[in-house]
Amino acid sequence: MSALQDKYKQLIDAANSSGISNLQVTEQDNVLHIDGDAPNGAAKDKLWDIYGKIDPDFRAGDLILNVNVAASAGTKAKVTTDSTALNIRKGPGTDQPIVGKAAHNEMVTLQSKTNDQWWLIKTDSGVEGYAYAQYLSPQ
Amino acid sequence: MKLTKLFLAVFISASTMFFSCTPKDSDVQAKITEKFAATPDCAGASATVNKGVATLTGEVKDDMCKMTAESTAKSIKGVKSVINDLTVTPAVATPQTTTPDSGLMQGVTDATKDFPEVTATVNDGEITLTGNIKRADLPRLMQSLNSLKPKKINNQLTIK
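Going down the list, the protein sequences come from chains S and R. Yeah, the first sequence ends on 139 if you go by the numbering used here, and it's all consecutive. Yeah, the second sequence ends on 1160 if you go by the numbering used here, and it's all consecutive.
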């Protein structure tokens, strides 16, 4: 086991035991990459909690934790902004025009995942567009 | 009392007879080694035999091979039980493909939009962060940036 895998052992063990699918642990240029799909938001949060305990300032620069929630079309997701409304945009990018907003804590429906950053969503009031995945928590 | 002694005598003689029929450990071990050599799946496995107990050690390529080696050893006459201490060679994972700078740049712009005091630069697949951020906001920013699959993140932010 490499020094990096040893340092992040607790994280790798947790990833193995919390049902992360397509889990890959690789090393490239002294950076450990952990990739996979989490079954839910809680599993992802758990990994980030552990990461935050090992490196509280996320400053070591020796880990890329790319574990995202695998959510399928039709899944309900909660808007988890700090307090503000979430912009819904015409296309996947902050340079795209805003077509609507979803309120803080509102439930929206996932239509499709463009990538790990942008999801196509639809609100209950019928507004459809792209929202930033970081502010959506699949239920 | 007499009966017990009799049973004991019968047992001892029976077991002596039984053991005398058992093949020698060294012969059993040689047979297992021979069988392993003839089975490609068992490459890397070796066995030692002690009182009919075969202990398998070494490294095989997958779980299937580990099972094959165990059943191969069990099939040899004289093997009473098998201790399977074989390890499986970890699969060599393909290196992650990291995102090229052009794709990263757009993603970084999106991820830092809500953090006006954060400046992010992208160079050769690495993201470098400078400026200020609130501690409470740091995990969210890091999660966004990690999901962009950069080669590395250099966090030089001042955490408030």
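Worth flagging that the hints you see were computed from the coordinates, not collected in a lab. Beta carbons are placed, not taken as given, at the ideal position from N, Cα and C, and that holds for glycine. Treat each hint with caution, since some may be false.
[To be verified] With a straight-line cut-off of 25 Å between C-alpha atoms, the simulated BS3-like cross-links for lysine-lysine are:
#, chain 1, residue 1, chain 2, residue 2
1, R, 1080, R, 1113
2, R, 1149, R, 1113
3, R, 1149, S, 7
4, S, 78, R, 1160
5, R, 1151, S, 113
6, S, 46, R, 1160
7, R, 1035, R, 1024
8, S, 90, S, 76
9, S, 53, R, 1080
10, S, 53, S, 76
11, S, 9, R, 1024
12, R, 1024, R, 1113
13, S, 53, S, 90
14, R, 1113, S, 122
[What the hints assert, rightly or not] FRET-style restraints, in silico, Cβ to Cβ:
#, chain 1, residue 1, chain 2, residue 2, range
15, R, 1038, S, 2, 33 to 39 Å
16, S, 114, R, 1074, 49 to 55 Å
17, S, 53, R, 1027, 44 to 50 Å
18, S, 104, R, 1130, 50 to 56 Å
19, R, 1039, S, 76, 41 to 47 Å
Quick rundown of the hints versus the structure:
no. : hint                        : verdict
1   : 1080/R to 1113/R            : 68 Å, violated
2   : 1149/R to 1113/R            : 18 Å, holds
3   : 1149/R to 7/S               : 20 Å, holds
4   : 78/S to 1160/R              : 28 Å, violated
5   : 1151/R to 113/S             : 23 Å, holds
6   : 46/S to 1160/R              : 24 Å, holds
7   : 1035/R to 1024/R            : 17 Å, holds
8   : 90/S to 76/S                : 20 Å, holds
9   : 53/S to 1080/R              : 49 Å, violated
10  : 53/S to 76/S                : 30 Å, violated
11  : 9/S to 1024/R               : 45 Å, violated
12  : 1024/R to 1113/R            : 76 Å, violated
13  : 53/S to 90/S                : 38 Å, violated
14  : 1113/R to 122/S             : 22 Å, holds
15  : 1038/R to 2/S: 33 to 39 Å   : 36 Å, holds
16  : 114/S to 1074/R: 49 to 55 Å : 54 Å, holds
17  : 53/S to 1027/R: 44 to 50 Å  : 56 Å, violated
18  : 104/S to 1130/R: 50 to 56 Å : 30 Å, violated
19  : 1039/R to 76/S: 41 to 47 Å  : 53 Å, violated
Consistency note: the structure conflicts with the earlier hints numbered 1, 4, 9, 10, 11, 12, 13, 17, 18, 19.
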